[in-house]
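Novice: Listed here are the chains, written in short residue letters.
There are 4 protein chains.
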Amino acid sequence: MQNIRTDLAVEAHEMSKREAKNSASVDGVISDVEKKGDITVTRVKITNDNGSRTLGKAKGTYITIDAPNLKYSLETYERACSVIAEEIRGLTKIDSDTLTLVVGLGNREITPDALGSSVVSKLLITHHIKECSDNEIFGENISGVCAIAPGVLGTTGIETADIIRAVSEKVKPQLIIAVDALAAADIERVSNTIQISDAGIQPGAGVGNNRDGLNEETIGIKVIAIGVPTVIDAATISKIKIPKELSPLMVTTKDIDLVIERAAKTVANGINLALHSRLTLRDVESYVS
Amino acid sequence: MQNIRTDLAVEAHEMSKREAKNSASVDGVISDVEKKGDITVTRVKITNDNGSRTLGKAKGTYITIDAPNLKYSLETYERACSVIAEEIRGLTKIDSDTLTLVVGLGNREITPDALGSSVVSKLLITHHIKECSDNEIFGENISGVCAIAPGVLGTTGIETADIIRAVSEKVKPQLIIAVDALAAADIERVSNTIQISDAGIQPGAGVGNNRDGLNEETIGIKVIAIGVPTVIDAATISKIKIPKELSPLMVTTKDIDLVIERAAKTVANGINLALHSRLTLRDVESYVS
Amino acid sequence: MQNIRTDLAVEAHEMSKREAKNSASVDGVISDVEKKGDITVTRVKITNDNGSRTLGKAKGTYITIDAPNLKYSLETYERACSVIAEEIRGLTKIDSDTLTLVVGLGNREITPDALGSSVVSKLLITHHIKECSDNEIFGENISGVCAIAPGVLGTTGIETADIIRAVSEKVKPQLIIAVDALAAADIERVSNTIQISDAGIQPGAGVGNNRDGLNEETIGIKVIAIGVPTVIDAATISKIKIPKELSPLMVTTKDIDLVIERAAKTVANGINLALHSRLTLRDVESYVS
Amino acid sequence: MQNIRTDLAVEAHEMSKREAKNSASVDGVISDVEKKGDITVTRVKITNDNGSRTLGKAKGTYITIDAPNLKYSLETYERACSVIAEEIRGLTKIDSDTLTLVVGLGNREITPDALGSSVVSKLLITHHIKECSDNEIFGENISGVCAIAPGVLGTTGIETADIIRAVSEKVKPQLIIAVDALAAADIERVSNTIQISDAGIQPGAGVGNNRDGLNEETIGIKVIAIGVPTVIDAATISKIKIPKELSPLMVTTKDIDLVIERAAKTVANGINLALHSRLTLRDVESYVS
Numbered sequence: 044m045q046n047i048r049t050d051l052a053v054e055a056h057e058m059s060k061r062e063a064k065n066s067a068s069v070d071g072v073i074s075d076v077e078k079k080g081d082i083t084v085t086r087v088k089i090t091n092d093n094g095s096r097t098l099g100k101a102k103g104t105y106i107t108i109d110a111p112n113l114k115y116s117l118e119t120y121e122r123a124c125s126v127i128a129e130e131i132r133g134l135t136k137i138d139s140d141t142l143t144l145v146v147g148l149g150n151r152e153i154t155p156d157a158l159g160s161s162v163v164s165k166l167l168i169t170h171h172i173k174e175c176s177d178n179e180i181f182g183e184n185i186s187g188v189c190a191i192a193p194g195v196l197g198t199t200g201i202e203t204a205d206i207i208r209a210v211s212e213k214v215k216p217q218l219i220i221a222v223d224a225l226a227a228a229d230i231e232r233v234s235n236t237i238q239i240s241d242a243g244i245q246p247g248a249g250v251g252n253n254r255d256g257l258n259e260e261t262i263g264i265k266v267i268a269i270g271v272p273t274v275i276d277a278a279t280i281s282k283i284k285i286p287k288e289l290s291p292l293m294v295t296t297k298d299i300d301l302v303i304e305r306a307a308k309t310v311a312n313g314i315n316l317a318l319h320s321r322l323t324l325r326d327v328e329s330y331v332s
Numbered sequence: 044m045q046n047i048r049t050d051l052a053v054e055a056h057e058m059s060k061r062e063a064k065n066s067a068s069v070d071g072v073i074s075d076v077e078k079k080g081d082i083t084v085t086r087v088k089i090t091n092d093n094g095s096r097t098l099g100k101a102k103g104t105y106i107t108i109d110a111p112n113l114k115y116s117l118e119t120y121e122r123a124c125s126v127i128a129e130e131i132r133g134l135t136k137i138d139s140d141t142l143t144l145v146v147g148l149g150n151r152e153i154t155p156d157a158l159g160s161s162v163v164s165k166l167l168i169t170h171h172i173k174e175c176s177d178n179e180i181f182g183e184n185i186s187g188v189c190a191i192a193p194g195v196l197g198t199t200g201i202e203t204a205d206i207i208r209a210v211s212e213k214v215k216p217q218l219i220i221a222v223d224a225l226a227a228a229d230i231e232r233v234s235n236t237i238q239i240s241d242a243g244i245q246p247g248a249g250v251g252n253n254r255d256g257l258n259e260e261t262i263g264i265k266v267i268a269i270g271v272p273t274v275i276d277a278a279t280i281s282k283i284k285i286p287k288e289l290s291p292l293m294v295t296t297k298d299i300d301l302v303i304e305r306a307a308k309t310v311a312n313g314i315n316l317a318l319h320s321r322l323t324l325r326d327v328e329s330y331v332s
Numbered sequence: 044m045q046n047i048r049t050d051l052a053v054e055a056h057e058m059s060k061r062e063a064k065n066s067a068s069v070d071g072v073i074s075d076v077e078k079k080g081d082i083t084v085t086r087v088k089i090t091n092d093n094g095s096r097t098l099g100k101a102k103g104t105y106i107t108i109d110a111p112n113l114k115y116s117l118e119t120y121e122r123a124c125s126v127i128a129e130e131i132r133g134l135t136k137i138d139s140d141t142l143t144l145v146v147g148l149g150n151r152e153i154t155p156d157a158l159g160s161s162v163v164s165k166l167l168i169t170h171h172i173k174e175c176s177d178n179e180i181f182g183e184n185i186s187g188v189c190a191i192a193p194g195v196l197g198t199t200g201i202e203t204a205d206i207i208r209a210v211s212e213k214v215k216p217q218l219i220i221a222v223d224a225l226a227a228a229d230i231e232r233v234s235n236t237i238q239i240s241d242a243g244i245q246p247g248a249g250v251g252n253n254r255d256g257l258n259e260e261t262i263g264i265k266v267i268a269i270g271v272p273t274v275i276d277a278a279t280i281s282k283i284k285i286p287k288e289l290s291p292l293m294v295t296t297k298d299i300d301l302v303i304e305r306a307a308k309t310v311a312n313g314i315n316l317a318l319h320s321r322l323t324l325r326d327v328e329s330y331v332s
Numbered sequence: 044m045q046n047i048r049t050d051l052a053v054e055a056h057e058m059s060k061r062e063a064k065n066s067a068s069v070d071g072v073i074s075d076v077e078k079k080g081d082i083t084v085t086r087v088k089i090t091n092d093n094g095s096r097t098l099g100k101a102k103g104t105y106i107t108i109d110a111p112n113l114k115y116s117l118e119t120y121e122r123a124c125s126v127i128a129e130e131i132r133g134l135t136k137i138d139s140d141t142l143t144l145v146v147g148l149g150n151r152e153i154t155p156d157a158l159g160s161s162v163v164s165k166l167l168i169t170h171h172i173k174e175c176s177d178n179e180i181f182g183e184n185i186s187g188v189c190a191i192a193p194g195v196l197g198t199t200g201i202e203t204a205d206i207i208r209a210v211s212e213k214v215k216p217q218l219i220i221a222v223d224a225l226a227a228a229d230i231e232r233v234s235n236t237i238q239i240s241d242a243g244i245q246p247g248a249g250v251g252n253n254r255d256g257l258n259e260e261t262i263g264i265k266v267i268a269i270g271v272p273t274v275i276d277a278a279t280i281s282k283i284k285i286p287k288e289l290s291p292l293m294v295t296t297k298d299i300d301l302v303i304e305r306a307a308k309t310v311a312n313g314i315n316l317a318l319h320s321r322l323t324l325r326d327v328e329s330y331v332s
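Chains as they are written, first to last, in my numbering: chain A, 44 to 332; chain B, 44 to 332; chain C, 44 to 332; chain D, 44 to 332.
Misleading hints may appear alongside valid ones.
Pairs involving identical chains hold if they fit within one copy or between any two copies, as the list cannot separate such chains.
[What the hints assert, rightly or not] Within a straight-line C-alpha distance of at most 16 Å, the following computed EDC-like cross-link-like pairs (lysine to aspartate or glutamate) qualify: (1) K79 x E121; (2) K308 x E328; (3) K114 x D326; (4) K88 x E77; (5) K215 x D205; (6) K79 x E129.
Everything labelled a hint here was simulated from the structure, so no lab data went into it.
Take these sequences, add in the hints, and give me the full structure.
Specialist: Structural data, given as structure tokens:
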């Protein structure tokens, strides 16, 4: 695993088991698999420091939703939205009093990194409407949703974690959902897999510099991270030496522009359904263009 | 002036004088005009409450830069960048210790409202580099710049002023520069005029609901607002009744997509030159794509 | 009618009747109205030269589909797709041997003019697949569809009609469907109305210079024009004098970027259903992202 | 060379020499190198069938312009524009009577494939203005330029070569310049290298299926191809097996969206200077946004 970078706990777990000569288990890691139609849900729980060290991930639950037909099938897309909503609600309780801050991470000007900001643009935002006395659109029992796409350090000059912390202190949400593009080791996972985790986030961690994370311990608010692999690390598939002064390479699929769009819609509507349990996917698709 | 909405103090001043039967002056308003090549700089100072009430604008200095050839002439563009930089530096002192937070207001998904976020994407961001001990790129004496494009209430659910306040408290800048698209009364001003003001901003004020403003008094930080008219209000040129339930209309030029691009580049490089006085326009254009 | 420019025959007809003191009819113009749920279909037939002269439109059938809820309701969108398909098939016979060339007119870099190229990007293109011996995707009985978005004279330097003629001579379609953004007189029609006509097209006619049209007479191929109003002419709502040297103004809705997207999807899927009668809207939405 | 796909003759030549144990030359291939400031120009001439077979390229001249600082330096950009113009004019005579058709190849919806259509949008188009009797803008002695971005087979259903042939027969240009994104073997060449060739083009050749080419022999018009590598083939850097049913992978740089923009501007202005020798780069940048 040392040389292969993956943001997916399920891949890290597989590699660990492989390295340990296919031993059935890693101490501190529990996993189970469930089929929901053509979608497979794998839950990996990292329960102690050994598990955390071995998989290179923080303690917590990592849910992997594999939907191999997501790109081609409307039915898989619809089912994936429901499964995402169920799994989010399995991690935390959401009712009409909950205020959720959704954070779209990543750089919107780099196509495979634009997932987070694209998801934010497809959300049903309600916080400002709830505050109006006479909200006729959604009725009384709608949960509060607000959202930001803060940008990345290179374009803002500000640590993304600082922006999230600042806005969070002002808005005082009960829940933060952070959406980001991930790197996977297996090219077959690009755009077909959604990972949902309650282990918090480390904005900027992807580029090598580990800044302090945002999680329930550090900020006192439940943080659910949702990610979709959109690239595989060039180092993962190659042995070539890449000169340091070059722009970092990325390996992705030729249709990434279209793939990001579909993946963003799936994640956004999964979140919309999770936060607004009274609405159907059809309602949500009518409200949000 | 009652029925004509304009964000430009210079237009409000002209209208006031016209209503007052071409009286030469309005009490509490001082103005002067300066030519810089083919660019005209008009400075309107609103000095008392009568001036403020008559023009419908907060007290402060409003500088209008008219560059009728901006769209066609590279030389006008270059001169406009310099003039913007000079006028910003005329309003406040900037040195290598200054940290500036630039805020790009408006909705990036609505073309004529995307000026602010477009400007932010063209800035030379230095705050995170200054903090590195060995900044080889810009040398020692570079001022600190960070930036955000917070979005609008309808897409974030959060008052834009609250996001700015929150980030500002975290970053602690000495100067805030806020960039926004404006509405003008005169179609000839669309995309040819830049207004720079130290009177603060009221995000969301444009749509009718006056929320509390951000200015030196309310947040203890100098706030410079820079705007470019990109639309004229439909009500301004028309007598038709627009049904309430309809989307608000806008009147703009057919080439607005291209015009916004040129205007954003002009404002961004004007700011870049103001904040990094050691750099030339050529330097800036090399650093920022 | 002289001073009000509209591309919609139904508006021209109303204005003519109004000018003729609400006389019930214009010689050479027959119209009827049909309700399909919340959608109204008005068919205006211009049958002789007097009708053509009075309405300022070529002879032929003009079908206007009014779907006031298109922007908000998924059901209206789905019904509008079906109605468009029915009305296209009412104008011409399409079977699995038909080859259709769809032409997306307009300038993709100007938001309200990008409808045509946006529609083309959402079509189910089959011509090149039909030619493969073993087309496993769509089965045997699929009609042939190819498409181009030729650009506009100002960006290509070539008359758009010449490009269409050239490609048409090479491809030899049995049917041409041309899609374009239109100007309406009534702001309530912007993005809620679809006009379908068999009277041919005059690319570039909108900007004042009437070049020779493309229709069944001039090129020997049935030409169906589909348009959606995305702007109202500034002259229509205003009495102001617009200086000649200025960019032409347009009046449109603030949410035009989003509105174009929904309108393009409706027209594209209406065409997809018309040309591939064996497919459902669900099939089409699965194939085309 | 068998397993490494490159569109660059200069790379194919190097590989051939390497395979032939560093023999100094390949029969049928002549090359020379010239320095122009920080830009290196390598001219590879394939003069007979052996050279063509060995390098896997058609007979003709292939000029490679290496500008390693293109991404960072405005001066390199300006010099590169001049060098491109000189090299184009070295391949063919252009005067004010010449009509050139520029063709932007590739799929504008796939970022690294959008180079061609992006270049076309930055050209100084004159053909339709020359035909006006009173062209006041550019004066008498301007060469004629028209342009199309025909799309790709997958989105049009029409062989791109057929569209080019059709438009060419209608417009009757004396010169065709075709611009396309290329694949390189060496990642250091991505976006720093421009190849100019008079050996014609094979649209769609990149994806494996060799359709009949467009060159002076087959269509009787000089065809100059200009390309910039924007990707390296995944197969080139990797030994992994990519499942057939997956979307083809691509390897590119993370900043490809920005890189394409700079490369497109360089190629477009190189062409603008070649076709309008009376204009300076400054003129061109004023005319074209």
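Novice: Now, for every hint given, state plainly whether the structure supports it.
Specialist: Hint check:
no., hint, result
1, K79 x E121, "within (12 Å within a copy, 29 Å between copies)"
2, K308 x E328, "both (10 Å within a copy, 14 Å between copies)"
3, K114 x D326, "between (22 Å within a copy, 13 Å between copies)"
4, K88 x E77, "within (14 Å within a copy, 61 Å between copies)"
5, K215 x D205, "both (15 Å within a copy, 12 Å between copies)"
6, K79 x E129, "within (12 Å within a copy, 38 Å between copies)"
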